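A.B. asks: Given next are the chains, with one letter for each unit.
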Amino acid sequence: MNMIQALNDAHKVAMRADNDVVVFGEDAGYFGGVFRVTEGLQKEFGKTRAFDAPISENGIAAVAVGMAAYGLKPLIEIQFADYIYPAYDQIVSEVAKMRYRTAGEWTMPMVIRSPYGGGIYGGQTHSQSPESLFTHIAGLKVVVPSNPYDAKGLLLAAVEDPDPVIFFEPKRIYNGPFSGHHDQPVVPWSKAENSEVPEGHYTVPLGKANVVREGEALTVLTYGTMVHVTAAAMEEADVDAEIVDLRTLVPLDIETIEASVKKTGRCLIVHEAPRTSGFGAELSALVTERCFYHLEAPVERVTGWDTPYPHSYEWTYFPGPARIKTALKKVMAD
Amino acid sequence: MSSSETRTNRPALKLHVPEPAYRPGDTPDYSNVTVPAAGEAPRPDSACDDKDTIPLTTHLVRVLDDDGKAVGPWDPKLDVEVLKKIYRDMVTVRIFDDRMYRAQRQGKTSFYMKCTGEEAIATSAAAAMDAEDIHFPTYRQQGLLVSRGYPLVKMMCQIYSNAGDHMKGRQLPIMYSDKEKGFFSISGNLATQFPQAVGWAMASAIKGDSRIAMGWIGDGATAEGDFHAAMTFASVYQAPVILACVNNQWAISSFSGIAGAEQATFASRAVGYGMAGLRVDGNDVLAVYAAVRWAAERARSNNGPTFIEFFTYRAEGHSTSDDPTGYRPKEESEAWPLGDPILRLKQHLVGLGAWDDAQDKALEEETSATVRAAQKEAEKLGVLSEQGDEGKETMFEDVYADMPWHIAEQRDAALKEGE
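Protein chains in written order, with the working numbering: chain D, 1 to 334; chain L, 335 to 753.
Hints listed in this document are in silico derivations from the structure and should not be mistaken for laboratory results.
Fair warning: this is a prediction, and the values are worked out from it, not measured in the lab.
From the three backbone atoms N, C-alpha and C, an ideal C-beta is built for every residue, glycine too.
Check each hint, because a few of them may be wrong.
Computed beta-carbon distance windows for the label pairs [claimed, not checked]:
{"no.": "1", "chain 1": "L", "residue 1": "THR368", "chain 2": "D", "residue 2": "TYR121", "range": "57 to 63 Å"}
{"no.": "2", "chain 1": "D", "residue 1": "VAL186", "chain 2": "L", "residue 2": "GLY725", "range": "54 to 60 Å"}
{"no.": "3", "chain 1": "L", "residue 1": "VAL416", "chain 2": "D", "residue 2": "LYS208", "range": "53 to 59 Å"}
{"no.": "4", "chain 1": "D", "residue 1": "LYS47", "chain 2": "L", "residue 2": "PRO671", "range": "45 to 51 Å"}
{"no.": "5", "chain 1": "D", "residue 1": "PRO188", "chain 2": "L", "residue 2": "MET729", "range": "49 to 55 Å"}
{"no.": "6", "chain 1": "L", "residue 1": "ALA497", "chain 2": "D", "residue 2": "TYR121", "range": "54 to 60 Å"}
Sample of chain D residues at the chain L side, in silico, Cβ under 7 Å [unchecked claim]:
{"no.": "7", "residue": "SER56"}
{"no.": "8", "residue": "ALA62"}
{"no.": "9", "residue": "GLY66"}
{"no.": "10", "residue": "ALA69"}
{"no.": "11", "residue": "TYR100"}
{"no.": "12", "residue": "SER132"}
{"no.": "13", "residue": "HIS136"}
{"no.": "14", "residue": "ALA138"}
{"no.": "15", "residue": "GLY139"}
{"no.": "16", "residue": "PRO162"}
{"no.": "17", "residue": "VAL211"}
{"no.": "18", "residue": "VAL212"}
{"no.": "19", "residue": "GLU216"}
The list that follows gives simulated cross-link-like pairs (lysine-lysine, DSSO-like), each with its CA atoms no further than 30 Å apart [claimed, not checked]:
{"no.": "20", "chain 1": "L", "residue 1": "LYS541", "chain 2": "D", "residue 2": "LYS43"}
{"no.": "21", "chain 1": "L", "residue 1": "LYS348", "chain 2": "L", "residue 2": "LYS419"}
{"no.": "22", "chain 1": "L", "residue 1": "LYS513", "chain 2": "D", "residue 2": "LYS47"}
{"no.": "23", "chain 1": "L", "residue 1": "LYS419", "chain 2": "D", "residue 2": "LYS262"}
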């Protein structure tokens, strides 16, 4: 399965298991979503469980709050993460704080899915990675899968989680992993690792990172599309890197991070989102606070630039293998 | 095209900034405000086409006439015991408000908001709904809780953020929440609850339930984007919901014209969404009851949502932090043509021979005693100003179902600081 098929399958498994799971979003009903993630759901589960929504992100999030208050489990879609901002008030002020402000009287078990990330010539409003706007909000869990196996298992775990989950899907790798070499043809998931997706129900626990490659030379902390770009860059540089795919940003798997950095003594952080106040800043601070005496070099970050996401300069903006290799040299120099 | 020479013949454009008719120092005069006679508004069947309600969105549904008689097709013909119950609830709300306002002035808590002059709306709406229906209120519908028999002590404990507050002192005073009483958690963020009510109603419809929801909003907050979302979703999915706007003329210091009331009534917003709309005398208990009952019947029969504008007046300041003499005449509330909801219902009850001054005096004394006793009991559990930091570790709970490591670490650090 590719990521889309895995996510679609997760929807079906969740909806078959629990009649309270409802799916809606713009074009998510009859048409099955602009990325086909919700394809076939309306046909199988009917229009009251999988339906199209008006183009109103605040409305979509708000009615999901009301539904969760009733006792349903909304599994909703925001068409692009770049368009989640109208829903920000509902997500930040209502969804995130409901359990806290009512001391558990009302809870918000819901999942807000949204395709995210760049590398697709999406320009300013089809490429953004706004995860740090959500990791900063107490009460939300934030998940970014990097392969079909994790995508399905994490989404099922998110649906079953008692807390609200922001689920960002890197659309660059919907159809296949991406090395960052945009001039090379895309390898489909069928020819890649982690594309074997079990039938039926299984979960990948939230809050647990995945060491995708064990190594001794340095630790790379990353997630989403950049897991693959980083892996390719490390291979090309022939470095024995330990690559940690965080999978869940909040709550963070600090134990895995700490163990890895203490072992390797060096840390590189890679994400697509802009640098300033990006999630990398939090990772860098945590690693510095917790592993200071084990560090043999300053923690480095390879990120998107502090600019809006451009169209024509896609590959200057996107943190590709060349930039990762430059940072790698810096981390390994001392 | 941008050359100014090409535009010399055109008049200069002017920005219209709405201004209330009267400011401090002016003598308010509402003789120009048209108040339709009670009984005049027609009452279509609750299953009618939404378009049949269009005339009602600029009219005013009124039942109690100037003599306190119930007239016209909207008279809900309520049992006198129901009326007395609503009357008691209104009196309770007003006395409660006064005592809590004073408690704030005495420094026992940080903040309070009264609903003086608007008591009829929440108490009568609650009476017209079923106990199992849910409300998504704003901060000025305390009458819903009183009507539904929520203990006054618990309300006060919330206001004092004391040991009796089941929300563990996390919310600002008056941001009540009670699941059992169908009173959704109040948020400081305006209008958010309006589309949430629609979502709850959609859920009820998805599950084939028979319960309905009622969402609440003020005149000022109708300008929020969430208002538009609520109206759109309610109409698109024909959700079993009543969307109520309490138009009390004022959003803190801004008069309703700043929210768009100069050009059109709030009720008329319903028309563009293809939704039934009613404009109702909010100081008339019988009209409020009749309208909510009509809308509830419509929602319950899968005939769609209703938007109701309750026309009323915010008789006092916005909150304990507000002084209305800074932006409107002191005498404005007395000049308000729809009067006081409590006095109007009293007049009606007296007219029915069901009430007299002696009973009224007894009720007031009894209610004052009840509220005082509740306050005493609540204050035994503490008031905000005397609260120490005992139990401060609870402030880290309930962010998530299970406390993640980073919050546990912060809790431990906070506890260590106090040592």
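A.B. asks: Each hint needs a verdict: does it hold in this structure or not?
C.D. replies: Hint check results:
no., hint, result
1, L/THR368 <-> D/TYR121: 57 to 63 Å, "holds, 60 Å"
2, D/VAL186 <-> L/GLY725: 54 to 60 Å, "holds, 56 Å"
3, L/VAL416 <-> D/LYS208: 53 to 59 Å, "holds, 58 Å"
4, D/LYS47 <-> L/PRO671: 45 to 51 Å, "holds, 48 Å"
5, D/PRO188 <-> L/MET729: 49 to 55 Å, "holds, 50 Å"
6, L/ALA497 <-> D/TYR121: 54 to 60 Å, "holds, 59 Å"
7, SER56, "holds, 5 Å"
8, ALA62, "holds, 4 Å"
9, GLY66, "holds, 2 Å"
10, ALA69, "holds, 6 Å"
11, TYR100, "holds, 5 Å"
12, SER132, "violated, 15 Å"
13, HIS136, "violated, 12 Å"
14, ALA138, "holds, 5 Å"
15, GLY139, "holds, 5 Å"
16, PRO162, "holds, 4 Å"
17, VAL211, "violated, 19 Å"
18, VAL212, "violated, 22 Å"
19, GLU216, "violated, 26 Å"
20, L/LYS541 <-> D/LYS43, "holds, 18 Å"
21, L/LYS348 <-> L/LYS419, "violated, 53 Å"
22, L/LYS513 <-> D/LYS47, "holds, 29 Å"
23, L/LYS419 <-> D/LYS262, "violated, 70 Å"
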